[in-house]
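**Q** Just so we're aligned: 224 in our numbering is position 224 of the sequence shown, and the numbers increase by one with no gaps anywhere.
Worth double-checking, as some hints may not be accurate.
Stated by the list, open to error - Computed beta-carbon distance windows for the label pairs:
#	residue 1	residue 2	range
1	G94	E226	15 to 25 Å
2	W132	D158	25 to 35 Å
3	S145	N65	26 to 36 Å
4	R57	G160	15 to 25 Å
5	D211	G75	23 to 33 Å
6	W132	M182	22 to 32 Å
7	V166	R106	36 to 46 Å
8	G40	N105	35 to 45 Å
9	G75	R246	39 to 49 Å
10	G40	T118	20 to 30 Å
Keep in mind the hints are simulated off the structure, nothing from the lab. Computed from a predicted structure; not experimentally measured. We put the beta carbon where it would ideally sit given N, CA and C, even for glycine.
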Amino acid sequence: MSGHSKWSSIKHQKGVTDARRGQLFTKLTREIIVAAREGGGDPDVNARLRLAIQKARDNSMPSDNIERAIKKGSGTLEGTALEEMVLEGYGVNGAAILVKALSDNRNRTVQDVRHMFTRHGGSLGESGCVAWLFDSMGLIMIKTSGLDTEELALEAIDAGADDVKVEGAFVEIYTKSNELEMVRKALEEKDVPIDSAELSLVPKTLLELDDRAALQTLRLLDKLEELDDVQQVSSNVDFPDSVLERFQSEART
């Protein structure tokens, strides 16, 4: 793999506060609803729904919430009409940023995302302007605490992973999109504790910025993630450790 983003590990290290857990459950619910709507309510034959359910369980979402979301998506219960959206733009110094959203009001979502880009020195672009810079891959996150990371890397490669990276307190395992479930299952059978597993947009190459621009980009990514309609944010920036530490220090204050 020619490059990877540190944003997923940054989000995990930052953690989900109690105040934002309700927002997280809303986003997980929306993904389950859309997955069930598109492929049916049976996770045995709907891979996207299986992945959405597993992600919800990884984040300790109650089973009743999951079942209710499935019923809304499959039409058993009345639910809100949601539209899938991909918005693309640039941060400072040309940083590529791709935003995936699920919205019941497209105009509102575009306006909110555009405002956040502008506020942080970026700009919303046309469809296709940065998507070509990313590949869709599976990403499995595992906490390094108490684990032999070298042994874990070998087990992941044996299970079919394409690449393994150690980022701070987490091991990032990258797979082909259609092999994410297979690799996760193989690792779970070896009693490897999975923290999360999801499809992620991974940059083909990385962009290096000076510390000021990198920190400004991190702040933009974080604010985009906080928008209710935004499901996932990806960037091609390679953030220096010094910038990560400063950003995480800001998040704790």
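**Q** Check each numbered hint against the structure and report the violated ones by number, ascending.
**A** Violated hints (numbers, rising): 5, 8, 10; every other hint is consistent with the structure.
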